[in-house]
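Enquirer: Mind docking chain B on chain A? Use the hints.
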Amino acid sequence: MPYAVSHGFSPRMRIAFGPALPVGTAGEREQFDLWLTKYVPAKDAVTMLAAATPEGLGPREAGFVGGKEPSLTAGTSLAEYDLVCEEVGPEPLGEALGTLVRAGGLVVEHKGKKKVFDLTRCLPKEPRVSVAEDGATHVALTIRIGPEGSLRPEMLVTEALAAAGFPGAPKTVTRTDIVQED
Amino acid sequence: MAEGWERIEPLLLGVERPARYIDREWNAAHRDVVDVRVALAYPDTYEIGQANQAIAILYERFGGLEGVAAERVFVPWKDMAAALRHDGIALPTLESGTAVRECDVVGITLPYELTYTNVLELLDLAGIPLRASDRGEGDPLVIAGGPCAFNPEPVAAFFDAVFLGEAEYAAREIVELVRSVRADGLTRREALVALAGVPGVYVPSLYVAGEDGKLTAIEGAPKIVLKRIVGDLDSAPGIACPVVPYMDVVHDRATVEVLRGCTRGCRFCHAGMVYRPVRERSADTVVAAAVEALRCTGHDEVSLTSLSTTDHSRIAEIVRRLVRRFEGTGVSVSLPSLRADAFGVEMASLVSRGKKSGLTFAPEAGTQRLRDVINKNVTEEALIETVTSAFQAGWRRVKLYFMVGLPTETDEDVVAIGALVGRVLDTARAVVPAKERGGVKVAVSVSTFVPKAHTPFQWEAQLTRAEISRRQGLLRAAMPKKGVDLSWHDPETSFLEGVLARGGRQLADVIETAWREGAVLDAWSEEFSPAPWQRAFTAESLDAESVATAGFDVDAPLPWDHISAGLDAGFLREERAKALAGEVSEDCSVGACSACGVCDGLSVEVRTAGERRGG
Numbered sequence: 001m002p003y004a005v006s007h008g009f010s011p012r013m014r015i016a017f018g019p020a021l022p023v024g025t026a027g028e029r030e031q032f033d034l035w036l037t038k039y040v041p042a043k044d045a046v047t048m049l050a051a052a053t054p055e056g057l058g059p060r061e062a063g064f065v066g067g068k069e070p071s072l073t074a075g076t077s078l079a080e081y082d083l084v085c086e087e088v089g090p091e092p093l094g095e096a097l098g099t100l101v102r103a104g105g106l107v108v109e110h111k112g113k114k115k116v117f118d119l120t121r122c123l124p125k126e127p128r129v130s131v132a133e134d135g136a137t138h139v140a141l142t143i144r145i146g147p148e149g150s151l152r153p154e155m156l157v158t159e160a161l162a163a164a165g166f167p168g169a170p171k172t173v174t175r176t177d178i179v180q181e182d
Numbered sequence: 183m184a185e186g187w188e189r190i191e192p193l194l195l196g197v198e199r200p201a202r203y204i205d206r207e208w209n210a211a212h213r214d215v216v217d218v219r220v221a222l223a224y225p226d227t228y229e230i231g232q233a234n235q236a237i238a239i240l241y242e243r244f245g246g247l248e249g250v251a252a253e254r255v256f257v258p259w260k261d262m263a264a265a266l267r268h269d270g271i272a273l274p275t276l277e278s279g280t281a282v283r284e285c286d287v288v289g290i291t292l293p294y295e296l297t298y299t300n301v302l303e304l305l306d307l308a309g310i311p312l313r314a315s316d317r318g319e320g321d322p323l324v325i326a327g328g329p330c331a332f333n334p335e336p337v338a339a340f341f342d343a344v345f346l347g348e349a350e351y352a353a354r355e356i357v358e359l360v361r362s363v364r365a366d367g368l369t370r371r372e373a374l375v376a377l378a379g380v381p382g383v384y385v386p387s388l389y390v391a392g393e394d395g396k397l398t399a400i401e402g403a404p405k406i407v408l409k410r411i412v413g414d415l416d417s418a419p420g421i422a423c424p425v426v427p428y429m430d431v432v433h434d435r436a437t438v439e440v441l442r443g444c445t446r447g448c449r450f451c452h453a454g455m456v457y458r459p460v461r462e463r464s465a466d467t468v469v470a471a472a473v474e475a476l477r478c479t480g481h482d483e484v485s486l487t488s489l490s491t492t493d494h495s496r497i498a499e500i501v502r503r504l505v506r507r508f509e510g511t512g513v514s515v516s517l518p519s520l521r522a523d524a525f526g527v528e529m530a531s532l533v534s535r536g537k538k539s540g541l542t543f544a545p546e547a548g549t550q551r552l553r554d555v556i557n558k559n560v561t562e563e564a565l566i567e568t569v570t571s572a573f574q575a576g577w578r579r580v581k582l583y584f585m586v587g588l589p590t591e592t593d594e595d596v597v598a599i600g601a602l603v604g605r606v607l608d609t610a611r612a613v614v615p616a617k618e619r620g621g622v623k624v625a626v627s628v629s630t631f632v633p634k635a636h637t638p639f640q641w642e643a644q645l646t647r648a649e650i651s652r653r654q655g656l657l658r659a660a661m662p663k664k665g666v667d668l669s670w671h672d673p674e675t676s677f678l679e680g681v682l683a684r685g686g687r688q689l690a691d692v693i694e695t696a697w698r699e700g701a702v703l704d705a706w707s708e709e710f711s712p713a714p715w716q717r718a719f720t721a722e723s724l725d726a727e728s729v730a731t732a733g734f735d736v737d738a739p740l741p742w743d744h745i746s747a748g749l750d751a752g753f754l755r756e757e758r759a760k761a762l763a764g765e766v767s768e769d770c771s772v773g774a775c776s777a778c779g780v781c782d783g784l785s786v787e788v789r790t791a792g793e794r795r796g797g
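Just so you know, the protein sequences line up as chains A and B, in that order.
The first sequence begins at 1 in the numbering used here and counts up one residue at a time.
The second sequence begins at 183 in the numbering used here and counts up one residue at a time.
So here's chain A without its partners, still in its complex pose (with noise of 0.2 angstroms):
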């Protein structure tokens, strides 16, 4: 690709992702940005990146971004997860989610250190928990994504399944999209 390079001492190829993975959830919607010296097609873009990326990472659709667009991780980011729960049924699964959510803040401990979330500001909309054709339970979540952190799917849902009487995590996590919030 005809990458363009930043200027000053170290030079680097100008590319830049929008929010983090967590280890452990899958993206299905993950963008990045790549600055062009000259003009490609999108189409072509997509498929030359696919061709040089292992099997799985590769870019699905490209698309041109005007100049004076925000970069992805400016401002705020709405991001969709699914989560997979094995062993416990929608109802007490749903119920349990609810009380935490009205609870209105959620204390993590991760790697030692103990973080308070207000689920009312993550949590721009209800958790929707349901069953697919396999039997298996799944939660979706909006999460509000911002660059002073942001709640991890998966803590809030283990926190649920605890007080539900199914102690455990989720089976997958996936990110399905992820927005800028306007």
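Note that these hints are calculated values from the structure, not bench results.
One thing to keep in mind: the hints can contain errors.
[Stated by the list, open to error] With the C-beta cut set under 10 angstroms, the calculated list includes, among others, these residues of chain B facing chain A:
| hint | residue |
| --- | --- |
| 1 | Leu194 |
| 2 | Ala201 |
| 3 | Trp208 |
| 4 | Asn209 |
| 5 | Ala210 |
| 6 | Asp482 |
| 7 | Val505 |
| 8 | Arg507 |
| 9 | Gly510 |
| 10 | Gly512 |
| 11 | Ser516 |
[Claimed, not checked] Derived lysine to aspartate or glutamate pairs resembling EDC-like cross-links, with alpha carbons at most 16 angstroms apart:
| hint | chain 1 | residue 1 | chain 2 | residue 2 |
| --- | --- | --- | --- | --- |
| 12 | B | Lys260 | B | Glu188 |
| 13 | A | Lys171 | B | Glu727 |
| 14 | A | Lys171 | B | Asp608 |
| 15 | A | Lys68 | A | Asp33 |
| 16 | B | Lys260 | B | Glu708 |
| 17 | A | Lys111 | B | Glu198 |
| 18 | A | Lys43 | A | Glu61 |
| 19 | B | Lys663 | B | Asp608 |
| 20 | A | Lys125 | A | Glu181 |
The structure displayed is predicted, hence computed values, not measured ones.
All C-beta atoms, glycine included, are put in the ideal place defined by N, C-alpha and C.
Expert: Okay, now just chain B, sitting in the frame of chain A:
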């Protein structure tokens, strides 16, 4: 995907740095039709081992052979090791998830003595019997290689074979041997005898120790095993398309090996002695390899590696061509080590492109007398001139490497390090503008001399731990009080390195006991503890102090006499005598031949791409 991955995947969320275990990196090679599977293991974690060039070379050499799968193995961190043991999962290879014990060959490089217990950890996790004598017909052939293979006796009991030297062309021979052993239905013992016939291969079970400890070859094994060497490095393939890791590894860039061997003749230097003679790659080969490696990986930095890159006869041309080529691309060139002279500074300026972090030099000793003893051809005048040029050119930080415990060292020599550092600091401050003087930093790193096999100092004793500490104390007191960051190697680590580097077969029981007592990942300073080793020395009734700190009589047999790096014994004795007399020797790639024996013994010659600079 093989069973291994299916059992590993559920464990990933419960361990640190799961990227260590997931494979599928860019340029990781997966083979469908395989009749010989070779596991290539580095005895440390992924982030240390994945950067290793020997593994990368062998990965491509074995992997390029028809029907052969070369697959990587690294030591799992403690959390994953515990999980594997808990769930009864045999350690798998990365690429196919095949259990390591089901591979035909397991090659383990030995980069450093403190990784020996990691070798046992790896074998144990794989479910392979630790002792070669306990392995059966179904077990893989476990072969060692790398720098420590030149004194293999401490770990000989754990290996079926040890490969000495450069394995680029031996890879094919080993694979063909595996196939013929299978086709002919040979027993394991017969296979080992056949393996001993491959040049460069030492099979420990075919060498029996007599009452005096001397090893005698049996069943037609060679009396002395001579290292293997690649005579024409320029024609030998380098690392074309290395694996690009998903996580930070210790050297995260493309590398091109520009030359092998170093004949400056520093008398303490094991690598300089065992990798002779000097063989350079041509400028065209290096430039093409760098460009191809970058194209193949997407790295933004390429490092030109060797024991002393700025000694390459064409390095200025190579660096200029690459810097010009990469102008405006965001790609940089790096040189791992520099000569302490104006040329070194010139090269450093060329690659730094305005960003000047720090320069590193290795005077090693504080007085000219001691530098002459070790044949380190650096004068104080040259060092001061170099520092002057560097700081005038805009550098503000310099790192200096020294050693304590060198043969003939006195307290005056140790104190002189402090004085030398002081003069370097004064010089640096004198040439920078007044307002920048506060930013001038000299970092000093002091290691402890460990006498190594196949060097002119192989007969010398290491200092006792108490004496090392005393000299380090002297050094601390002699350092300038400000502007210097001083770091030194832990005496316990150096002591253990000395024991493991100089011992013989009697150490196998100690190493195994130490591992059972919990010694693992010892090369990580936060993991290392001398306690399990102490317990092992006691349990095995070994006086470790005497192994490290007793010298060898110059005429007495050495634990590595049956292993040859091609050096003439007379040469090493003569270099030792010159050292004690404070006389220097020339670099044969520039000056006269020093009759070290390598060129005649191995039918090779010094090969340079052009004329080397003297001095």
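Enquirer: For every hint, state whether the structure bears it out.
Expert: A quick look at each hint next to the structure:
| no. | hint | in the structure |
| --- | --- | --- |
| 1 | Leu194 | holds, 7 angstroms |
| 2 | Ala201 | holds, 8 angstroms |
| 3 | Trp208 | holds, 5 angstroms |
| 4 | Asn209 | holds, 9 angstroms |
| 5 | Ala210 | holds, 8 angstroms |
| 6 | Asp482 | holds, 7 angstroms |
| 7 | Val505 | violated, 12 angstroms |
| 8 | Arg507 | violated, 14 angstroms |
| 9 | Gly510 | holds, 6 angstroms |
| 10 | Gly512 | holds, 4 angstroms |
| 11 | Ser516 | violated, 13 angstroms |
| 12 | B:Lys260 / B:Glu188 | violated, 20 angstroms |
| 13 | A:Lys171 / B:Glu727 | violated, 54 angstroms |
| 14 | A:Lys171 / B:Asp608 | violated, 62 angstroms |
| 15 | A:Lys68 / A:Asp33 | holds, 13 angstroms |
| 16 | B:Lys260 / B:Glu708 | holds, 13 angstroms |
| 17 | A:Lys111 / B:Glu198 | holds, 11 angstroms |
| 18 | A:Lys43 / A:Glu61 | holds, 8 angstroms |
| 19 | B:Lys663 / B:Asp608 | holds, 12 angstroms |
| 20 | A:Lys125 / A:Glu181 | holds, 14 angstroms |
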